[in-house]
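**Student:** Residues per chain are reported as follows:
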Amino acid sequence: MASDITSAAPTGWRARHAGTIRQWRLYAHLFRRSFSSMLGLFLVVLFLVLAAAGPALAPYPEDTMGAVHLDNRLKPPSLAHPFGTDEMGNDILSRVIVGTRTSLWIGLIITGVAALIGVPLGIFAGYMGGRIREVIMRITDVFLSVPGLALALAIVASLGPGITNCVIALSLVWWPGYVRLIDSKTLALKEELYIEAARAIGARTPRILFHHILPNCVSPLIVKASMDMGMAILSAASLGFIGLGAKPPSPEWGAMISVARSYMPDWWWYALFPGLAIYLTVLGFNLFGDGLRDILDPKSRGR
Amino acid sequence: MVLFVGKRLLLFGFMLLGLLTIMFLITNVAPGDPAKLMAGQNATQDMVETIRREYGLDKSLPEQYAVYIGGVLRGDLGRSIVSTKPVVEELLRYFPATFELVLVAMGLGILIGVPFGMLSAVYRDSWIDHATRIFSVSGVALPAFWFGLLLQLYFAVHLEWLPVSGRLELITPPPEPVSRLYLIDSLLRGEFDTFREAFQHIILPALVLSFPCLASILRVNRAEMLEVLQSDYIVAARANGIPAFRIITVYALKNAMLPTLAIIGLRFGWMLGSTVLVETVFDWPGIGLYAVQSALYSDFKPVLGVTLLIGFCFIFINFLIDLAYGWLDPRLRTQ
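Chains as they are written, first to last, in my numbering: chain A, 2 to 304; chain B, 10 to 344.
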C-alpha cells in the first residue's frame, strides 16, 4: 500500500507543476546549448567548492596562517608544490585555494549591500515618479559620475587601509547601478494592467512594490548580481594590489600579487597563479551572468 | 539648439556641485577624526589640535562646506603632507602623462574595437565572431595589474623588445614642453629618437589600459551593427545594388556609431580610474601613481584631488558627448 502512495505523489506533483517544469527544462536546454554559459557555470561551481571546502582541500593548510619554511623559499612549481612557493616558503597553491573564500565573501557582501541599498531606492523612485524620483536619480547620477575605483580609493584613503574599509568603500560606490536598473524596470512595469488592477482593488503601496513589482524585477537583478560578483572581486583585488586592502600575510589574491611584484621577473610563478585565480573567477561570473541573460531575457537571445 | 546646450550646461554645473559635495562628505562625515588621520599615528594631542585649527576642522559642517567650495573654486585643493607642495601644482605636473596614456589607449580601443565589432557582426556566428566574443568577455575580466605584469614579463624581460617601465629612459632628457605630451612634443621639435623611445614606453601600458575599453566598444558596436544591418534602409540599399563594403562602412556604421560614442564616453572615465592600477605597474609618472603613493602615506588631500580631477574630466567628457549626440541626432534637441 505504501508504495502506491509514493508512486502516486510524484505524478501528482509533476502534473500540478507541469508548466513550471517545462519552463525550467527550456531554460536548462538553452543554457546547455551555449558553450560559454556552461564554462561559466563550471568555473563558478569550481570556485564555490573551493571556497566551501577551502582549508580541507589545501595541501598545506598551515602555510596560509603565516608559517615560515625558509629552506623552501621561492621554489619553482614542482610535484610537491604545483604552484611553487613564496618568499616565506609557503605553498602558493594552498594560499590561492584558501584565498577563494575571502574573495567570494568580499564579492557577496559588496553585491549584497549594493543591492540592499539600490533596489529599494530604485523601486521607490520608479514607482513614485515626480520630485522624489528626480531627487533620487540625480544623487545616483552624481555617484555614477566618478569612476568606481577612483571613488573607492578616496573613501579608503580617508577611512584608512584594511579589508573591512575596502568592502565598505566598494559597497558605497556599487549601489547606484542597482538604482538605475530597478528604476527603469519599475517605470515600465507600473503601467502594466495587473498593477493597475491591484491598485484598483485597494492594495497599498508597499504591497504593490514588494509583492507585484519586485518579483518581476528578479531576472535582470540576478543577471546583474552575477556579473557584479565578478567585478566586485576584481575591484577588491585591485585595492589589495595597490596595498590598501588585505595586509600581506593573509592569503588574499590581490595582496599576494602586490608582494609578488617585487619578486618579478625571476620568480614569475608567485604572481602568475593568484592572478590566474582572479581572472578565472571573474571570467566565470561574467560568462555565467551572460548565459543567464541569454535565457532570462528573450530579447537578447542570439545577440 | 541654444536651449538644448543651455539645459546641458545647467546639468553640467549641477553634476560638478554634486561631485564636490560627495568629496566633501567623504572627508568630513566619514567616521574617524580627519585631523588625527592627517597628524599621523605618533602625533601628540597638541599637534592634532593645531592641525584641526589650521585646516578649519573646528568649525561647523556648513561653514566648512562653504570654505571647501570656495577653496576649490579658487583652485585650492590643500597641500600634500609628504611634499608640502599645493596639490593643484602637483596635479598639473602629473596630469599630462596620464592624459597622454589615456589618449593613446582610447585610440587603440577605437581603432581595434570598431573594425572588429563590424567584422564580427557582418560574419555573424563564424569563427571570427566566436573569437571576438570570447575576447570581449575575457577583456573585461582580466585584472589590469596582473595582465600588465605578464606583458612586462614577456615583452620586456623575455623578448627584450620593449622597456619595462617609465615614460622615457632615465638618461634621456624629456622634450621641450609645449603640450607636455612627449609623443607630440618630440615630433614638434623633430627629435625622432625621443619620439621612438616615448612610443616604445607607452605601448604596453596603453595596451593594458585599453583592454576593457576595447572589449566593450567591440561588444556594443557588434550589437548595434547587427540591429542596423537588419533595418529597412539597408535592405533598400542592397536592393539598389550598392556594393556591400560601402553599405557596411558608410550606411550602417554611421548609425551604429551613436551608442558606441556613449560607451566611449563612459569608458573614458573608467580608464582614468584604472590608471591607478596601470600606472602603478608601469611606474608611469601620472596622477594614478601619485594617488596611490599618497594613499599609502595616508596623505589624503592628493588622493581627493586626483579623484576630483578624474570626476571632473568624466563629467566634462560626458557633457561633450551629450552635445555631440544633439548635433548628430536632431530628434534629441526637441525633447
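Because the hints were derived from the structure by calculation, they are not lab data.
There could be a bad hint or two in this list.
Taking lysine to any residue and the SDA-like style, the derived pairs with C-alpha atoms no more than 20 Å apart in a straight line are [to be verified]:
(1) A:K248 / B:Q302
(2) B:K16 / A:K248
(3) A:K248 / B:L305
(4) A:K191 / A:L215
(5) B:K16 / A:P162
(6) B:K310 / A:G244
(7) B:K16 / A:L160
(8) A:K248 / A:W106
(9) B:K16 / A:G131
(10) B:K310 / B:E98
(11) B:K310 / A:L160
(12) B:K16 / A:L215
(13) B:K16 / A:W106
(14) B:K310 / A:K248
**Student:** Indicate, hint by hint, whether the structure satisfies it.
**Tutor:** Tested hints:
no. : hint            : in the structure
1   : A:K248 / B:Q302 : holds, 16 Å
2   : B:K16 / A:K248  : violated, 48 Å
3   : A:K248 / B:L305 : holds, 12 Å
4   : A:K191 / A:L215 : holds, 11 Å
5   : B:K16 / A:P162  : violated, 41 Å
6   : B:K310 / A:G244 : holds, 18 Å
7   : B:K16 / A:L160  : violated, 37 Å
8   : A:K248 / A:W106 : holds, 16 Å
9   : B:K16 / A:G131  : holds, 19 Å
10  : B:K310 / B:E98  : holds, 13 Å
11  : B:K310 / A:L160 : holds, 13 Å
12  : B:K16 / A:L215  : violated, 34 Å
13  : B:K16 / A:W106  : violated, 44 Å
14  : B:K310 / A:K248 : violated, 23 Å
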